[in-house]
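Visitor: Same order as they appear, the protein sequences are chains S and P. Residues in the first sequence are numbered consecutively from 1, following my numbering. Residues in the second sequence are numbered consecutively from 438, following my numbering.
Worth flagging that the hints you see were computed from the coordinates, not collected in a lab. Take these hints with a grain of salt, some might be off.
Taking beta-carbon pairs under 8 Å as the criterion, some of the chain S residues facing chain P (in silico) [claimed, not checked]:
(1) E32
(2) T59
(3) G60
(4) Q66
(5) L102
(6) M112
(7) S157
(8) D257
(9) Q259
(10) D283
(11) N308
(12) V311
(13) A318
(14) A320
Glycine included, every Cβ here is placed at the ideal spot set by N, Cα and C.
2 protein chains.
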Amino acid sequence: MPSTARIVALDVLDVRFPTSEHLDGSDAMNPEPDYSAAYVRLCTDAGDGHEGHALAFTTGRGNDVQANAIAALAPYVVGRTVTDICDDLGGFARTLVHDPQLRWLGPEKGAMHMATGAVVNAAWDLAAKRAGLPVWRFLGEMSPEELVAQVDFRWLSDALTPEEAVDILRRAEPGRRDRIDLLLAGGYPAYTTSPGWLGYTDEKLARLAREAVTDGFSQIKLKVGASVEDDVRRMTAAREAVGAGVRIAVDANQRWDVQQAIDWMRELAPYDPYWIEEPTSPDDILGHATIRRALRPIKVATGEHVANRVVFKQLLQAGAVDIVQIDSTRVGGINENIAILLLAAKFGVPVCPHAGGVGLCEMVQHLAMFDYVAVSGTMHNRVIEYVDHLHEHFIDPVRIRHGRYVAPTLPGLSAQMHPASLEEYAYPTGPVWASRV
Amino acid sequence: MPSTARIVALDVLDVRFPTSEHLDGSDAMNPEPDYSAAYVRLCTDAGDGHEGHALAFTTGRGNDVQANAIAALAPYVVGRTVTDICDDLGGFARTLVHDPQLRWLGPEKGAMHMATGAVVNAAWDLAAKRAGLPVWRFLGEMSPEELVAQVDFRWLSDALTPEEAVDILRRAEPGRRDRIDLLLAGGYPAYTTSPGWLGYTDEKLARLAREAVTDGFSQIKLKVGASVEDDVRRMTAAREAVGAGVRIAVDANQRWDVQQAIDWMRELAPYDPYWIEEPTSPDDILGHATIRRALRPIKVATGEHVANRVVFKQLLQAGAVDIVQIDSTRVGGINENIAILLLAAKFGVPVCPHAGGVGLCEMVQHLAMFDYVAVSGTMHNRVIEYVDHLHEHFIDPVRIRHGRYVAPTLPGLSAQMHPASLEEYAYPTGPVWASRV
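In isolation and in its complexed conformation, chain S is listed as follows (with noise of 0.2 Å):
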């Protein structure tokens, strides 16, 4: 490929799929999403055929703001090298995190940040193309020094320095090529979300559970908060359906203030549930903390909305949290996800992603396994979100094999959608929608 290739587009696409009308992904504080992405496309001049796709998730409404927000970084991304993106993926992340007026919109959260992460992202899965690798395998052959250069340490060094950095890396050296294997033949656990959404009868959610366990997975998770009556009935129905030998986490998402968290878990105590996730507002950090001296040893796990690798380290600092829930579309793209990866490593504390939505599967399952090749060297405790939704549209679909996720070989970050569906869910124009809105 001669150096000198370009990146000529950034194109940017609406694509929202109807999941509201089967109360698909209903939980207490989204009774009704329509899942949706936020679609970037990279396109070079490079004439090998390589594009770099990624999205930002969301849930409907706000897709065509987050969108717009994608575009904006046009005139950074467009005109450069590919090379220059490239062969230095932190150094393109920090030049958009840290535009001096886009920052304003932050800094570092919200529509903005997430708009920063789909671009870094897309830029990754074009990277690992080029390289020929699953993004997995990509960063897995990275030595320590080039993964600590992916980070952008501002703000983090009160809790983790490069060099401590460096440290973690180098310990999880030895055993990388046997984790690799160990992946490939074996794959990574996962746990199904798919029998637990709020708008389920009993009867589905029982009969659902039953078939997860059958399937082999031994984690499920309910969604509650709307109401303790219906949470203690739905509990009670759920662990009879798996027996005692499975966990069931229970997921409030940010339903509660902190004493009723506190309050409401307690009902639900006698049924052994293994983690509280969101529990009230991802910003609270103290909350966090004080709902999990509470209820131990139940555990409290945050993630999915923590905006960024700031929020993260004092949910780490405080002891807020037993699990940190990484997205791969919340912060600022896979380089802030290494960070928050990192300082989990130096805390001790086990990474178990969030996914589900559209795509948020194919994407994180990249970040846990490089988790376990080059930076924690473990799956004890660590499991991946599983939801059984929409990975159809996707080129290279997430599989599952007895309650894991087998390790995916195609190169990229398994983002990219198929043309059709790009095209038929294209929001508000593709036939799926000119006949709805």
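For chain S, the structure is supplied; the task is to place chain P on it using the hints.
Guide: Structure of chain P alone, referenced to chain S:
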């Protein structure tokens, strides 16, 4: 006015001022801002001539993203009756903040939350104009119960309950009328940042600092954080210019890591800085607490980039700040700022609003004066920031007399700009930009 009058339009304008050409507003994180407004106008068919005007402030690039986020709220506003909105501004704000799909883009942070704030503030402007009162007096006429109904207590109850909020407001009720008279007679204390921009020469800094003292200001502020040697030199020049009796605050605009903030400020301590503002990430509650403990008696201030009431709650719970700096366009509008004023009152921490930019002085003065009238009941150790830029574009510009804000008397929020300014600085088509872009 017929009670069937409706909101018939929500117009959004992208207005930018080329302030970067003179380095007005330059600081360690914002070297060349073009102060900008994503401007919103609510029009009704009431036939009474009243419109609701407000804006979200940005620093240039990204103002289009902000404007687009505001436009996405039009379906939540257009078609509703004027009384439906103006008679229940608390309910109106909650419908925008808690939309189950839009909230995914935050929740309650970044571009989407600022958009909510702009629209909510425009509704307050409309409501106050209909009542024939400036917003600070419109608020000051409300009963404690009416004020508490404006507040969204979600995620606050571990620090402040509605009952406590009513108590705070009841305690301040007796003196309201006297305090209104005192404000009308003598205004509210200001401090000025105009001398201290990072792009100014030492000579300009010293000259402007002396002028500030002559003009009656008893506090000025310097931008710091780019070079410790420069800061020591500039601080020396400023202290020499103003003497020992004038407070000099310094502002690092988030430039430092935690330990760096402590080390840097120890170099400046001999020159008696009054407060250090934004020493580090606005999300870093624990970091601010560490810095405050290390630097006592230098005060720690932050707030202009604090995303929402939940982060302010924790800054107060953690004893992380001596000064709460509310901003009129960062959070979800006047309703959320009422919550923050109540939290600050509960914890006994003074509120010294952030201002400057475009229209921030005009809007935030109403909140500080309302705080004095009905919440804290005191001006002790409280000052509103003042920057002498861009006021000429406003129909009801702030007026400073002897270093104090003159209490505004025209109805509304004072955010309405002259039609000619909106036209001239429209981006990118207005005459000011057509010759530049």
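Visitor: Taking the hints in turn, state whether each one holds.
Guide: Hint by hint, here is what the structure shows:
Because the smallest distance between the Cβ of E32 (chain S) and any Cβ of chain P comes to about 7 Å, under 8 Å, the interface hint for this residue holds. Hint status for T59 (chain S) relative to chain P: holds, with the closest Cβ pair at about 5 Å, below 8 Å. Given hint, G60 (chain S) at the interface with chain P, holds; its Cβ is 4 Å from that chain's nearest Cβ, closer than 8 Å. About 6 Å separates the beta-carbon of Q66 (chain S) from the nearest beta-carbon of chain P, less than 8 Å, and the hint is met.
For L102 (chain S), the interface hint holds, since its Cβ comes within 8 Å of a Cβ in chain P; the closest pair sits about 4 Å apart. The beta carbon of M112 (chain S) is positioned within 8 Å of a beta carbon in chain P (closest approach about 6 Å), and the interface hint is therefore held. The closest approach between the C-beta of S157 (chain S) and any C-beta of chain P is roughly 4 Å, which is under the 8 Å cut-off, so the hint is satisfied. The closest approach between the C-beta of D257 (chain S) and any C-beta of chain P is roughly 4 Å, which is under the 8 Å cut-off, so the hint is satisfied.
With 8 Å as the threshold, the beta carbon of Q259 (chain S) comes within range of chain P, its nearest partner Cβ sitting at about 6 Å, so the hint holds. About 4 Å separates the beta-carbon of D283 (chain S) from the nearest beta-carbon of chain P, less than 8 Å, and the hint is met. About 7 Å separates the beta-carbon of N308 (chain S) from the nearest beta-carbon of chain P, less than 8 Å, and the hint is met. Residue-level restraint check for V311 (chain S) holds (minimum Cβ-Cβ distance to chain P is 6 Å; threshold 8 Å).
Interface hint status for A318 (chain S): upheld, as the beta-carbon distance to the closest one in chain P is roughly 6 Å, under 8 Å. At about 10 Å, the closest approach between the beta carbon of A320 (chain S) and any beta carbon in chain P exceeds 8 Å, and the interface hint on this residue is violated.
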